[in-house]
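Asks: Given next are the chains, with one letter for each unit.
There are 4 protein chains.
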Amino acid sequence: MPYLNERMQSCVDECLRCYSVCLSTAMNHCLEVGGKHVEKNHFTLMMACCEMCRTAAHFMLLGSPHHRHTCRECAEICTECADDCERIGDMQECVEACRRCAESCRQMAA
Amino acid sequence: MPYLNERMQSCVDECLRCYSVCLSTAMNHCLEVGGKHVEKNHFTLMMACCEMCRTAAHFMLLGSPHHRHTCRECAEICTECADDCERIGDMQECVEACRRCAESCRQMAA
Amino acid sequence: MPYLNERMQSCVDECLRCYSVCLSTAMNHCLEVGGKHVEKNHFTLMMACCEMCRTAAHFMLLGSPHHRHTCRECAEICTECADDCERIGDMQECVEACRRCAESCRQMAA
Amino acid sequence: MPYLNERMQSCVDECLRCYSVCLSTAMNHCLEVGGKHVEKNHFTLMMACCEMCRTAAHFMLLGSPHHRHTCRECAEICTECADDCERIGDMQECVEACRRCAESCRQMAA
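Top to bottom, those sequences are chains P, W, C and F. Taken in order, the first sequence gives residues 264 to 373; the numbers are from my numbering. Taken in order, the second sequence gives residues 264 to 373; the numbers are from my numbering. Taken in order, the third sequence gives residues 264 to 373; the numbers are from my numbering. Taken in order, the fourth sequence gives residues 264 to 373; the numbers are from my numbering.
Don't read these hints as lab results, they were simulated from the structure. It is possible that some hints are incorrect.
All copies of an identical chain are treated as equivalent in the list; a pair is satisfied when it fits inside any one copy or across any two copies.
Computed cross-link-like contacts, DMTMM-like style, restricted to lysine to aspartate or glutamate with a CA-CA straight-line distance of at most 25 Å [said to hold, decoys possible]:
1) Lys303 x Glu339
2) Lys303 x Glu356
3) Lys299 x Glu343
4) Lys303 x Asp276
5) Lys303 x Glu269
6) Lys299 x Glu339
Sequences and hints are given; from them, build the entire structure.
Replies: Pasting the structure below:
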């Protein structure tokens, strides 16, 4: 995307990638498999992760100075989501997307 | 909305009200009037306010414990947006919606 | 919200109400109850309904002439969601919010 | 993203790319340059394009059969947005992202 520096562009990309992976995993894997995958706490965390990634990307694209706060929150939720997906298992792509996004957002928030 | 306690229901309503008022004001008043109303800083703040209100409402509806963080950030941005709309003038409905939303979100964040 | 005529204001309100009721029902009732409530088709329809309501409201607030198309699609999805919630049962508030929103969007799309 | 076929994955990517380019261009170019770039009709079209791209991507990720309708609408709005950005000038990256997204969405809607 134009008008953003390279570091921020890359963070937007990680956020939108994590949003895509988490949402498609929740809807097309967790709902199909059932059991632990649709427990209230886990599924809510995945939906919260999707929404926060979408929002963090939006704030960077807006050019709002508040992007540092939304990136900090995004890093926290993504880390929690990665841990929970690891605990449940079967969602390695999601774990990796969350960890990469968390790392990128942590740098933007600093 | 069902399954939320009364205080949270009321905060969701304030967030969605503030989102509606800010977005319709930015798009149908600021863009029509021009001048100070479309200065980068002011307009970006209004768009950031819309997005944060939408997100804070979403987290409460999800039932995510992270709603306290998104409500805290929402309170901050709404207060800033109210101040800036007051400075520019002509946007009393927006000022009031932002102040009410900020107050409600501050209580949810506590 | 200011700058919208009364009929459109009321449709925005119905959309945001339906979004709120569907999302809180899906996350705080369907996920808790499980069984038929988290079947892929039903849960996906509820999530699609939430997103379409949010988007239809957004287009009206933007003042975009394309709101007629997003309202038409919203009316269709809300009707489908109301029918499916009725079939499964236990979600009367959701059924009613969807039917009211569908009716309001249908008029805006005409 | 996992669980989507290759053609749909690629359409999600085009939608999120177009969303990113349009939003960053509107907020960081149009608002800075002013004049024709912040005329109500043009700016509203850019905001509508952002929202529709976000929504079309969301429906594909949800795995909802209604994605065909949201993709059809997305193709229409992107084409209009590309034409308008071309008319005003200075936004070649936006024109290209819109055309690519429109083409990809048109195929998904078929």
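Asks: A separate judgement is required for each hint: does it hold in the structure or not?
Replies: Against the structure, the hints:
no.: 1; hint: Lys303 x Glu339; verdict: within (19 Å within a copy, 29 Å between copies)
no.: 2; hint: Lys303 x Glu356; verdict: both (21 Å within a copy, 21 Å between copies)
no.: 3; hint: Lys299 x Glu343; verdict: within (16 Å within a copy, 28 Å between copies)
no.: 4; hint: Lys303 x Asp276; verdict: between (28 Å within a copy, 24 Å between copies)
no.: 5; hint: Lys303 x Glu269; verdict: between (38 Å within a copy, 21 Å between copies)
no.: 6; hint: Lys299 x Glu339; verdict: within (22 Å within a copy, 33 Å between copies)
The structure shown violates none of the earlier numbered hints.
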